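Visitor: Letter by letter, the chains look like this.
Protein chains: 2
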Amino acid sequence: MQIAIVLYDRFTTLDAVGPYEVLSRLPGATVTFAARQRGPVTADTGMLSLVADAAIDELPSPDIVLVPGGPGQEEQMADGPLHEWLRAADAGTSWTTSVCTGSLVLAAAGLLAGRAATSHWLAVHRLADFGARPVRQRVVTDGKYITAAGVSAGIDMALELSGRIGGRPAAEAIQLMIEYDPRPPYRAGSPDTAPADLVAKTRMASRHTASQPVSAAD
Amino acid sequence: MQIAIVLYDRFTTLDAVGPYEVLSRLPGATVTFAARQRGPVTADTGMLSLVADAAIDELPSPDIVLVPGGPGQEEQMADGPLHEWLRAADAGTSWTTSVCTGSLVLAAAGLLAGRAATSHWLAVHRLADFGARPVRQRVVTDGKYITAAGVSAGIDMALELSGRIGGRPAAEAIQLMIEYDPRPPYRAGSPDTAPADLVAKTRMASRHTASQPVSAAD
Chain F
639 MQIAIVLYDR
649 FTTLDAVGPY
659 EVLSRLPGAT
669 VTFAARQRGP
679 VTADTGMLSL
689 VADAAIDELP
699 SPDIVLVPGG
709 PGQEEQMADG
719 PLHEWLRAAD
729 AGTSWTTSVC
739 TGSLVLAAAG
749 LLAGRAATSH
759 WLAVHRLADF
769 GARPVRQRVV
779 TDGKYITAAG
789 VSAGIDMALE
799 LSGRIGGRPA
809 AEAIQLMIEY
819 DPRPPYRAGS
829 PDTAPADLVA
839 KTRMASRHTA
849 SQPVSAAD
Chain W
639 MQIAIVLYDR
649 FTTLDAVGPY
659 EVLSRLPGAT
669 VTFAARQRGP
679 VTADTGMLSL
689 VADAAIDELP
699 SPDIVLVPGG
709 PGQEEQMADG
719 PLHEWLRAAD
729 AGTSWTTSVC
739 TGSLVLAAAG
749 LLAGRAATSH
759 WLAVHRLADF
769 GARPVRQRVV
779 TDGKYITAAG
789 VSAGIDMALE
799 LSGRIGGRPA
809 AEAIQLMIEY
819 DPRPPYRAGS
829 PDTAPADLVA
839 KTRMASRHTA
849 SQPVSAAD
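Sequence lines, in order, name chains F and W. Heads up: the first sequence at position 161 corresponds to 799 in our numbering, and the numbers run straight through without jumps. Heads up: the second sequence at position 150 corresponds to 788 in our numbering, and the numbers run straight through without jumps.
Just so you know, the hints here were simulated from the structure itself, not pulled from any lab data. This structure is a prediction, so every number in the text was calculated from the model and none was measured. Take the hints with a grain of salt, since some may be wrong.
What the hints assert, rightly or not - Covered stretches of chain F (chain W as the covering partner; in silico rule of three or more C-beta atoms under 8 Å from a C-beta of chain W): (1) 644-653; (2) 680-689; (3) 699-710; (4) 725-737; (5) 749-755; (6) 841-847.
As the list claims (entries may be wrong) - Just some of the chain F residues that point at chain W, by a computed CB distance under 8 Å: (7) Glu659; (8) Gly666; (9) Val669; (10) Phe671; (11) Gln675; (12) His721; (13) Trp759; (14) His763; (15) Ala832.
Ideal Cβ positions, reconstructed from N, Cα and C, are used throughout, including at glycine.
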């Protein structure tokens with residue numbers, strides 16, 4: 639089972655590495671990080687590079703595609719080689735997935751039209767610009783398309799996907815090995831629980847303009 | 639504020655990237671991934687490399703040190719350049735931290751003697767071999783030493799550390815941006831909640847031998 643995780647300049651690392659840490663532990667899975675060209679790809683902070691071991695063109699037929707988000711997503715919205723690759727790969731995937739604003743790239747490539755999907759809470763409304771139906775939920779599944787909310791949501795998404803692929807015991811074994819028994823020390827992980835002034839300030843500073851809040855569905 | 643995250647062959651990526659994703663967002667923080675030599679370091683799966691942008695010797699005085707875990711930890715237990723660097727760096731740190739079996743490396747370097755500490759649930763008992771007091775808790779703080787449980791626990795640890803450094807509002811702002819509102823689809827993230835047969839089977843297959851279970855303290 640070939641899993642392609644797409645990298646591009648200024649991606650958010652945890653969007654990619656959270657699901658990788660889960661999916662790479664699925665029996666029979668091979669995860670390949672792929673970018674336009676092979677080689678190091680620098681994350682959004684400028685403080686870390688991950689190595690793309692393949693060019694996307696070297697992976698024409700992955701079983702699963704995962705697109706992470708990050709500030710660099712804005713440069714991946716125009717039609718071009720990545721979108722062409724995504725459309726061609728998607729024709730043969732079992733699952734096409736995203737984390738955070740990675741769903742905007744899938745949507746801009748035309749893959750989410752008419753489908754329910756999610757994204758980072760600051761960006762989820764933008765899915766409507768591409769004919770998708772924005773849903774504020776941690777993980778949204780519509781057919782073979784699974785989209786996750788912001789950054790850390792990719793871990794939850796990947797565990798759910800692992801259960802669908804390998805069955806519940808396989809997913810539980812992964813969860814136990816990565817000791818995923820989260821205990822956030824604060825209750826600020828969602829705009830529904832974070833202090834209202836922080837949510838307002840964060841919305842004001844966001845690059846995702848014309849924000850029409852989408853209510854939580856879960 | 640200089641934060642050094644140590645890389646070594648066959649580290650577990652999420653151990654390092656979870657805290658990085660949090661700590662890199664702290665105002666004034668610079669995170670540097672450092673290994674014995676600069677260049678790509680391959681993770682435990684063999685499917686991913688992260689680039690160490692510095693050699694540890696180029697970072698003699700970090701404010702914070704973080705050591706991740708992973709199967710490669712076993713090769714970092716003998717005294718040598720990494721331990722020497724850890725002891726020298728630790729003399730000047732504000733915080734010395736670990737995720738998963740990274741605490742065994744800190745302990746083997748002599749930094750946790752007499753201290754409460756934690757590790758991956760399968761390995762936590764081994765801390766006693768180095769004079770530390772094993773505690774089964776998600777995050778354990780003893781003075782300036784903060785150790786986290788397995789793999790994903792580094793996210794919780796880094797949020798707690800962010801609050802200690804930058805104050806609660808700074809930590810909450812980070813948690814909101816990475817949408818850390820975890821919703822594991824299964825309840826298998828701890829040996830206390832996972833199916834008993836899975837826990838037993840996992841313990842049998844573990845490389846951490848002579849396992850004397852340490853009871854949960856939280």
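Visitor: Please name the hints from earlier in the document that this structure breaks, with their numbers sorted from lowest to highest.
Guide: 3, 4, 5, 6, 8, 11, 12 and 14
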